[in-house]
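Colleague: Once you've looked at the hints, dock chain A against the given chain F.
Chains F and A are the protein sequences, given in the same order. For the first sequence, my numbering assigns the number 1 to the initial residue and increments by one for each residue that follows. For the second sequence, my numbering assigns the number 1 to the initial residue and increments by one for each residue that follows.
Hints in this document: simulated from the structure, not taken from any laboratory. Keep in mind that a hint or two might mislead.
[Claimed, not checked] Quick look at which bits of chain A chain F covers, simulated, 3 or more residues with Cβ under 8 Å:
1) 23-35
2) 92-102
3) 131-139
4) 300-310
[As the list claims (entries may be wrong)] So, partial list: chain F residues that the calculated Cβ filter (under 10 Å) puts toward chain A:
5) 33
6) 80
7) 87
8) 90
9) 91
10) 105
11) 107
12) 229
13) 281
14) 282
15) 283
[What the hints assert, rightly or not] Among the chain A residues that face chain F by a calculated CB cut under 8 Å, a handful are:
16) 76
17) 123
18) 127
19) 279
20) 314
21) 333
22) 334
Nothing here was measured: the structure is a model prediction, and the numbers come from that model. Glycine included, each C-beta is placed from N, C-alpha and C at the ideal position.
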Amino acid sequence: MILDQLVNGLALGMVYALIAVGYSLVFGILRLINFSHGSVYAFGAHMAMVFVGMEYGIVPALIFSIILTGMLGIAIDKLALAPLRAKNSKRIAALITTIGVSYIIQNLLMIVYGSETKFFPKLFDYGNINIGRVSIGTTQLFIVGVSLVLLVLLSYIIKKTKIGLAMRAVEQNHKAASLMGIDVNFIVTFTFFLGGASAAIAGTLISGYYQVVYPNMGFLAGLKAFSAAVLGGIGILHGAIVGGLIVGVSESFAAAYLGGTYRDAVAFVILIAVLLVKPTGLFGKKGNIKV
Amino acid sequence: MEKKNYGTHKLNHIVGKIQGAMIKNKNIVIALLITLVLALPYIISSQYVLRIIIMIGVYSILSLSLGLVTGYAGQVSLGHAAFYAIGAYTSAILSVNYGISFFITVPVAAMIAALCGLLLGLPTLRLSGPYLAITTLGFGEIVRMVLSNWDRVTNGPLGISRIPRPSILGIELTLANNGLYYLILIFVAITTVVMLAIVKSKMGRAMMALREDELAATMMGIRITYYKVVAFVVSAFFSGLAGAFYAHMIRFIDPNSFTFDTSILILSIVILGGMGTIKGMFLGSALLISFPEFARFLQAYRFVVYGVVLIMMMRYRPQGILGGQKKTEYKLPKGVDVGQSKETAPGKTGESINTVEEGV
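Excised from the complex, chain F in its bound form (with noise of 0.2 Å):
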C-alpha cells in the first residue's frame, strides 16, 4: 500500500516536475513568475488531444503538440514579453501580462474545444508489472521514463551545449552577457520554446494517466508546479525536480490517508512550511543585495 502511493507519488512527482522547470527557467531568466505557463500546459494537452485524434499514433502526436506548444511559447515571448523588455518595464507589470495570457489562452481553448471533460486515451498500457507486492502500471513507467530521459536532456542542454553556457550566462547578468556577443533576446525565446516544449510532454503525459482533458486543468497542475518550483529554489533545475517529486509524493499519500478532498492544499502546506524555515527554498542560494 505505502510502495503504490510511492510509485503513484513518484510518476505524478514527474510531472509535475517537467511543468516546474519551465517555470524556473523562465523565472531564472528574467525574474518572472510565468502565470501564463499552467494554461500553456493546458494547450499542450489539447494540441496532444487533437492529434491523437487523427489516429497517426501517439509519438507524432506528441511530436506535433511540443512543436506547436513551444511556438506559443515563443509566441507568448515575442507578442507579449518583448516588447515590456524593450521598455524597461516594471517587473509587475510582466507579471500581470502573463495573467492576460493565461486568460486568452484558457478561454480560447474553451471557446474552440468545449468547456467540458473531454476523453484521451491512455497511454501506452500494457497492465501491470507485479514485484513483489508492489504492482506497477506500464503507464506509470512510461510516465517516469519519459520524464527522466527528458529531464536529463534539459539538464545536458543547460550544462553541457553552448546554448545552455549562453542561458545562464544571461541568467547571471543580462547586459554582461550581451556584451560578450549573446543574443539575449534569442535566449530568452528559446527559454520559452523550452518552458513551452516541457510543458507540452506534461500535459500530455498527464492527461494519458487521468484520461481527461479540460481547458481549465492547468490552473490547479499550473499552481502545485510552481509551488514545487518554489519548493526547491526557483531558477535551480535539479531544486525543480526534487521539488516536483516531494509534491507529487506528498499528494498521492494524502489522498491515500486524508481522503481525496485535501490532496489539493497540501502542496501549498509544504510549501509555506519550507519557505518559513528556508525562505530561499530547499537548494535556493541567498542573493546578495549590491548597495
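Modeller: This is chain A only, laid out in the frame that chain F set:
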C-alpha cells in the same frame, strides 16, 4: 513604434489635462461628485444597474485594501480573496447560526479577517518578491479548500444560503429601498478615510519608503517588517468588511465565490487604476466590474478581450490610468539650495515627480 508612443503621450496629455482642470476647481468637483453619489439611486431606476454599482463599491473597498499592501507598501499579494472569504463566512455563520445582528457580525468578521492577516503576515512577511506572492497564493488556496471541506461549519461546497439582510430598527435594507446602496456608501467612505489617514501619515510615508527601496528604508531606521505587518492587517480588516457586506447582500455564499480569479481581479483593479493612488481604485473597480456587463455582446470572447486589455494596458500605460501623475510640485524646505541656476527652463520646475513609475 513612434506612432504608438505618440498615442501614449497624447493619452497621458489628455488625462493630465482633465486632472489639472479638476484640481483647479477642486471644491466644485467634489461638491458635484458628492451630490451625484448621494442622488444616484434616484437617477437610476434599474435594480440591475444599482446592483452592479454596489458591487463596484465592494470591489472599491477590496482594491483600496490591497492597494495599501501592493500600491503603497509594495508587497504583491495574490491571495486577497482569502480575507474576503473569511469575512463573508464569519459574518454569514454568526448571523445564520446564532441570529446575531449584522451590525455586530460585521466588525467581528473584519476583526477575524485581520487576525488571520496577522497570523499569515507575522511569519511570511520576511519573505519578499515571488516568495511572498506564492505564499499568499497558497494561503488563498488553503482557505478555499478548508471552506469547501469543513462541512460542519461551512456547509462545504453547498455554501451558506438564506443569509439575512441587514436591518436597522426592524427595517430591512434591500436593493429596492436603496438601503444597501447607502450602507455600502458608508463602508466605502470609512475605508477611504482610514486609507487616506494612513497614507498621509508617518506610517504611509514609511510604507512608501519601503516600497521604493527596502534596504534604504532599513538604513533610515524604518522597521520594515512592522510596517509590512501593519499594512497587511489593516488590509485584511477591510477585505473582511467587504466580504461581510457581500455575504449579506448576495445572501448566498459558497467557496467558488472566492477563487484565485477573485484575487487576480482585485490585483488587476489596483494595477489598472494606478498603484499608489486612492482615486485610481474607484476608477479601476468601475471599469473592471462593469466591463463584463458592457461586454455581454462579446459573449464567450469577453474574457479574451479582458486579457487583451490587461496586456495592452501593461504595454502602453503600466503605471495605471491614474498612476504616476502627481501634480503637486515638490517644495524644498526653506533655505535649501540645490544649486540650480535661475535660467532653468520654466517647464522644468512644474514637472511632476513620478513616484510610482520608478518604484517596485
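Colleague: Identify whether the interface hint at residue 279 of chain A stands, where standing means a beta carbon of chain F within less than 8 Å of its own.
Modeller: 20 Å, violated
Colleague: Quick check on the hint: residue 281 of chain F CB to chain A CB, less than 10 Å?
Modeller: 8 Å, holds
Colleague: Would you check whether residue 80 of chain F satisfies its interface hint, that is, whether its CB is within less than 10 Å of any CB in chain A?
Modeller: 6 Å, holds
Colleague: Does the nearest C-beta of chain A fall within a distance shorter than 10 Å of the C-beta of residue 105 of chain F?
Modeller: With a minimum Cβ separation of about 8 Å from chain A (threshold 10 Å), the hint on residue 105 of chain F holds.
Colleague: Measuring from the C-beta of residue 87 of chain F to each C-beta in chain A, is the shortest one below 10 Å?
Modeller: At about 8 Å, which falls below the 10 Å cut-off, the nearest Cβ of chain A leaves the hint on residue 87 of chain F intact, so it holds.
Colleague: Taking 8 Å as the limit, does the beta-carbon of residue 333 of chain A come near enough to a beta-carbon in chain F?
Modeller: Constraint on residue 333 of chain A not satisfied, violated at 26 Å.
Colleague: With a cut-off of 10 Å, does the beta carbon of residue 33 of chain F approach a beta carbon of chain A closely enough for the hint to hold?
Modeller: Given a least distance of 5 Å, the restraint on residue 33 of chain F holds.
Colleague: Go check the segment 92-102 of chain A versus chain F for me, would you? Three or more residues, Cβ under 8 Å, otherwise it fails.
Modeller: Since 0 is below three, the answer is violated.
Colleague: Given a cut of 8 Å on the nearest C-beta pair, is the interface hint for residue 334 of chain A held or broken against chain F?
Modeller: Status violated, d = 31 Å.
Colleague: Would you settle whether the hint for residue 90 of chain F is holds or violated, based on the nearest Cβ-Cβ distance to chain A being less than 10 Å?
Modeller: 5 Å, holds
Colleague: Would the hint on residue 283 of chain F stand, with a C-beta cut-off of 10 Å toward chain A?
Modeller: Status violated, d = 14 Å.
Colleague: How about the segment 300-310 of chain A: do at least three of its residues have a C-beta closer than 8 Å to a C-beta of chain F?
Modeller: Our answer is that it holds, as 9 residues pass the Cβ test (under 8 Å) against chain F, meeting three.
Going down the numbered hints, you'll see the structure goes against 1, 2, 14, 15, 19, 21, 22, while the others check out.
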